[in-house]
Amino acid sequence: GAVVSQHPSRVICKSGTSVKIECRSLDFQATTMFWYRQFPKKSLMLMATSNEGSKATYEQGVEKDKFLINHASLTLSTLTVTSAHPEDSSFYICSALQYRYNEQFFGPGTRLTVL
Amino acid sequence: KNQVEQSPQSLIILEGKNCTLQCNYTVSPFSNLRWYKQDTGRGPVSLTIMTFSENTKSNGRYTATLDADTKQSSLHITASQLSDSASYICVVSRVGNAGNMLTFGGGTRLMVKP
Numbered sequence: 001g002a003v004v005s006q007h008p009s010r011v012i013c014k015s016g017t018s019v020k021i022e023c024r025s026l027d028f029q030a031t032t033m034f035w036y037r038q039f040p041k042k043s044l045m046l047m048a049t050s051n052e053g054s055k056a057t058y059e060q061g062v063e064k065d066k067f068l069i070n071h072a073s074l075t076l077s078t079l080t081v082t083s084a085h086p087e088d089s090s091f092y093i094c095s096a097l098q099y100r101y102n103e104q105f106f107g108p109g110t111r112l113t114v115l
Numbered sequence: 001k002n003q004v005e006q007s008p009q010s011l012i013i014l015e016g017k018n019c020t021l022q023c024n025y026t027v028s029p030f031s032n033l034r035w036y037k038q039d040t041g042r043g044p045v046s047l048t049i050m051t052f053s054e055n056t057k058s059n060g061r062y063t064a065t066l067d068a069d070t071k072q073s074s075l076h077i078t079a080s081q082l083s084d085s086a087s088y089i090c091v092v093s094r095v096g097n098a099g100n101m102l103t104f105g106g107g108t109r110l111m112v113k114p
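Keeping their order, the protein sequence lines are chains A and B.
Numbered per this note's numbering, the first sequence spans residues 1 to 115.
Numbered per this note's numbering, the second sequence spans residues 1 to 114.
Simulated from the structure, these hints should not be mistaken for laboratory data.
Hints may be right or wrong, so weigh each one.
Unchecked claim - Once the Cα atoms are required to be at most 30 Å apart in a straight line, the calculated DSS-like pairs of lysine-lysine come out as:
{"hint": "1", "chain 1": "B", "residue 1": "K17", "chain 2": "A", "residue 2": "K41"}
{"hint": "2", "chain 1": "B", "residue 1": "K1", "chain 2": "A", "residue 2": "K42"}
{"hint": "3", "chain 1": "A", "residue 1": "K14", "chain 2": "B", "residue 2": "K71"}
{"hint": "4", "chain 1": "A", "residue 1": "K55", "chain 2": "B", "residue 2": "K71"}
Just chain B, with the same shape it has in the complex:
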């Protein structure tokens, strides 16, 4: 069964601190993995996308890693800001062109406090 599990479910950190979010998946055949940021009441916005051969990808203060062997990914946020408060969703795409090939994780709700 194709599944994406994220941890922790929620996280509170102080402004300026770093944090790491985890994503484990059992999606097959694997195409790519994306991390999205979803602000409350808004649609998801893509942060990073990684294919099978990529180990790490950065986007500003966001750095994603992928271990395709263990089927794990992480999203590291450096020097957090109040605006980082949001849900972060890990989405894994299967190979194929028919229909919706995405499997969504449950998300991690991050709150950054001053």
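Just chain A, with the same shape it has in the complex:
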């Protein structure tokens, strides 16, 4: 099956710093990737759609200046949490859309803790 990786798996940072999370599709090209946020005991909440070579589309209520998304290649999308605050602490999951099967494959997630 298709494999999606995320790096790092865990990150702890201080308030005010920026953190970059990478999402890679390892064995297929993905022109579209998605970023989700998940709070404890809750389901995934879509933050934004990342399209290779163009600007990301953000869901209502998601601050585009705080959550910067770059999709510079067909296998890599990055999410940068800028000027992180403790309330940004969460589990971030990406997925990559494999068009052949019209299916999203999810990454293992990144646990962000902001002190």
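Position chain B against the provided structure of chain A, taking the given hints into account.
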């Protein structure tokens, strides 16, 4: 409004027992329904996928059913194991190629005890 409701929210069973998780949806136009297993601190992993014409799909000890008329699905786990402890998420996909066509259920948290 496109919605996916799952029940129960949480469930505790003894190892070796069977259980059934429920999913009701109001997503339209319907494309397919997937059940995912999500271990704590991990991303979701697909268990089954069913299209409109499929009534049942098995994957080892997991059997999913779909009633497209009543818009209900279930996931039956047979002879549960400790490793089955996880969240199970029902995800319904709408027809279309633009953007994210998925609607997520809230998940059922299953705990299997020895």
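We went through each hint and held it up to the structure:
Among the hinted pairs, K17 (chain B) with K41 (chain A) is consistent with the structure: their alpha-carbon atoms are about 24 Å apart, no more than 30 Å. The straight-line distance between the Cα atoms of K1 (chain B) and K42 (chain A) is roughly 20 Å, inside the 30 Å bound, and the hint therefore holds. At most 30 Å may separate the alpha-carbon atoms for a hinted pair to count; K14 (chain A) and K71 (chain B) exceed this at roughly 46 Å. For the proposed pair K55 (chain A) and K71 (chain B), the alpha carbon gap of about 36 Å is over 30 Å, so the pair is violated.
In summary, the structure is inconsistent with hints 3 and 4 from the numbered list given earlier, while agreeing with the others.
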